[in-house]
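A.B. asks: Here are the chains, one letter per residue:
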Amino acid sequence: QNIRFTSTVFQPINKVLIANRGEIACRVMQSAKKMAIQTVAVYSEADVQSMHVSMADETYYIGPAASQESYLNQKKIIEVAKYTGAQAIHPGYGFLSENAEFAELCQKEGIIFVGPPSSAIRDMGIKSTSKHIMSSAGVPVIEGYHGDDQSDSRLKQEAEHIGFPVMIKAVRGGGGKGMRTAMTVEDFDSQLQSARTEAMKSFGDDVMLIEKFVERPRHVEVQVFGDKHGNYVYLFERDCSVQRRHQKIIEEAPAPGISETTRKSLGEAAVRAAQAVNYVGAGTVEFIMDRDEKFYFMEMNTRLQVEHPVTEMVTGTDLVEWQLKVAAGDRLPVLQDELKLKGHAFEARIYAEDPDNNFMPGAGPLLHLSTPPPASDVRIETGVRQGDEVSVHYDPMIAKLVVWADDRQSALRKCRAKLRQYNIVGLTTNIRFLEDLASHPSFESGDVHTGFIDQHYSELFPRRTLSHNVVCQAAVALVSLERIQTWNSALESKDPFSPFAMETGSRINHEFKRTITLNDGDKSIDVQLSYIRDDTYVIVIGDKSYHVYAMLDTVADKNILRSVVDGVHSKASVDGSYQLKLPTPKFILETSATAPTAGAIAPMPGVIEKVNVKVGDTVKAGQPLLIMIAMKMEYVIQAPKSGVIKEIPHNVGETVNKGVTLIKLED
Amino acid sequence: CLFKHRRHYLYLVTKYHTDNASTIGTPAEVNSTNYKDNYDQMVKLVQELRSQTERVIQGGGPKAVEKHLSRGKMLPRDRISNLLDPGSPFLEFSQLAGYQLYGNDDVPAGGIITGIGRVSWLIRGAQICQDRMRFFLTRNTLGEFFIIKPLCLLKAYHSFTFLQIAVVMGSCTAGGAYVPAMADESIIVKKQGTIFLGGPPLVSTHWKSGVTDYYATDDQHALHLARRVVKNLNYNKSPQVTITQPEEPLYDIDEIYGIVGDNLKRTYDVREVIARIVDGSIFDEFKALYGETLITVGILANNGVLFSESALKATHFIELCSKRGIPMLFLQNITGFMVGREAEAGGIAKDGAKMVTAVACANVPKFTVIIGGSYGAGNYGMCGRAYSPRFLYMWPNARISVMGGEQAANVLTTLAKEQRLREDKTFSEEEERAIKGPILKKYAKEGHPFYSSARLWDDGIIDPADTRSVLGLSLSASLNAPITETKFGVFRM
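In order, the protein sequences belong to chains X and S. Residue numbering for the first sequence is 1 to 667, as defined by the numbering used here. Residue numbering for the second sequence is 1 to 493, as defined by the numbering used here.
Just so you know, these hints were derived from the structure itself, not from any lab. These numbers come from a predicted model, not from an experiment. Take the hints with a grain of salt, since some may be wrong.
To be verified - Below, simulated BS3-like cross-link-like pairs (lysine-lysine); rule was C-alpha separation at most 27 Å, straight line:
1. X/K513 to S/K44
2. X/K581 to S/K231
3. X/K75 to X/K201
4. S/K73 to X/K581
5. X/K586 to S/K44
Unchecked claim - Residues from chain S that keep clear of chain X, each with C-beta distances beyond 10 Å, as calculated:
6. G59
7. K63
8. Q100
9. T244
10. P246
Ideal placement from N, C-alpha and C gives every residue a C-beta, glycine not left out.
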């Protein structure tokens, strides 16, 4: 039997080690600093220059980029904690945050693990156990099979018993991994197989549970907090229904449209759940809720969640501060009747991913990064700065934008406005998608559920046609940039004021007309630009002609375009961002070895997990050639055409960049 | 206008208070009838020039253009834009070359585009230029028009140490084959470029034969390679003159229209023109009160006739410029040297000869703009074509001939009249008109800048409002070549 009760003796925390990276490491340090607690950061090879390292009072290198060897290296982290004299380790979320062994190890080594007791982690980590516990604690649980007989036939039989559609979930799963939906009995076998493979890869365990799939469900979760003195509070609920790939993308608190009665019973059910496992610290009890506001326990996350800021905003709390206080043995700062909901908050997660390409995660440099100005009602939770890189090794989340206002409508409006002020150049992000999402009428009316994106797919992924105004701005931005570059080179030369540099596009007795082709995704736009005088141009797109005046201002290393298109003034950075590309000249494509038809290409940066073929094999178009792992997700790379494998340039375990040829094919 | 402020973002102008005292020019009388009339007339001339140029820019017409493009080739002007740095200026010459020269055959720009631009700006900022280098972009259109210029250029270039890079994008036949063959480096476009002296083209063997050095897949690739070649020239422009930050003139340059107009008989102060061309309208006039028809200092401009004093002043000034290595600009508006008993007795021929000698021998870069009449020996003294200005431009209102049309007609009628009188015959007004008419017509036609430009007597006709820009580019281009020491001949004292 595990030790279920920790000592309630007060243990002061003067120094805390943050066993994490990115925004959450920064977030924890912020509160620690506020409380005058010294901070220790650990970092991997990939994070030498990163923001969390620069924020900490002390920093320690713990290993190579791969998280197995760094952020998951328990021994090393404990070593650093002991060496620096940190009394506590804050695990953040992900990595070691829900690792019962690590929590135990901390305890054994006399270090406070900022989180629940290992027993609670273990109880809640195994879904079948957690449901048993919840059932007996009087928390509503969804019908399902959590049995030991894991044979395919038994699982199928149980599924039929529960009734399709069913959810197939890895017992040790989480974060959407090892989870599949079978809509019909025909689907079942393949979905089960797929879930098992992923679970095995992710958790080294492929034990599955089957449960009823609730149609049009909402994902509602309750933030709970317990201390070592047996006090529990709930900090109301969050709605995280809108998800892609079973991962949250936009969250809000409180959940829209639910009655006060439901709110109260949700909170009380969550507290019962926490009490049932003698929970300590911050935890989240996730419920699935149907249209009639009937809710069922799904799981309990025994950590601080990514989306905790929305709760902080509507309750006026600092949950990290609470965590540290409670970990030190303090009582909860407030009790239930002192907690009041105030206003409404949204969190939008900004990811390096391509919504138009099935939310394919990306990586790369943040060449330009400008955010709305942070304020008490606008929080920018991030772990990166301009010039940093979103690494292939970790989560592709760039930032969380958290906004607060008096009511839901105002908060949502603020959320949209601030998203438009968030500009990132260098990699593809989901900002534009978040904006569309936040502008959707159904979202505005609070009609949310987990299938929201699929249901409104066509409206959320409109065939976007760029306005001519934007195209004009892009074209003049390009030529203005050329000019500034030319001037700067000239100033470095022995002939700094050469008119060949100072004058732009001048021609004798006629205007220089130049065709600029801009690629908007797979669509190309031809822009004919005439240089009229200095900063003045005439731009022709199709049969429309525009008079454009443009000037580039350089403010703090950032180029801001001011333009007037047919009398309409605009300042770039007001209207969100667009990505346009200059076409690659044909001769580069022809001479390049990575011509797309020559073989299979890495669709994103990642690590090669498995190669299914060998040199000399004959393959058919569409045949799976290899498996890549990127951003903790698995991708099957298929043969782009039929042919014979000529070369496999990379080995299993190698990290490859986007666009790299993985397999060369010969006809 | 917003565009005027652009240079201010480079850095602040440092100028002492009294430096403003050297400015010249007065605000134009923009509301006077004379100004308005002049302005309108000049606008018409400029519009005519632009519409003719527009026709030239169109090239061989829509059909030929479409055919050219359908073969995956770039149009010649696009080739130039792609060879140059993006947005680089292109100082184009002789746009009206061959204008109405071949009867019904239209030969846009004489069948060849020539000019100066910036290629492959090196990181250190070296500038590549024409005075030292020419690009040959060979074209498909062969035949007589094409050969005229390149062949004489070839001779000229090989007698100097020009850098030459040839990009073969079409056929280079017979004499044309020597262009790439004699170039320092040459690039050929796959399937498109051919080089042969005679007989069928042997496309596939050029790079094997070593006639070309680079093999490009298409036009864009070829021009990219050419840019790389330029980048590797290890050329670094080091101007031998003092360079300061440019400053816009105090007055709008288009006011020249209203000051000058199209009537060559109407006089104006050429200082007003200078005030609208030079930096900050700053001008230090040399010998302001001596020889009032010629204004000097780097610039030689004149107001009509040259007298003995004007010639002497100019000679002194040219010597100064040559000694100091200061480039010279000639703004021609000249009816000739003063003639007549008094002038001859005063030694106008002798003094004129001094000026012509000085102009002929001066080795500094010289630039000439014919802004009005250019007649007789005045053309020599003010650095006409034969005196090797680096560039010679004309304004559309300008006229060039040995003498003015009316003057010539008068001389010829006088001769005829005298002959008749010697023969004791009468000379009717009708007869006079019969002689005068064709002469006036001929002079009007042949003295016209289009006629001159068609025959390459100048480097192009420019819009007066572009004068500052064109001269700036020309001056900058000329500074790529070293300024050598001047050795004057014998001055007749």
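A.B. asks: So which of those numbered hints doesn't the model satisfy?
C.D. replies: 5, 9 and 10
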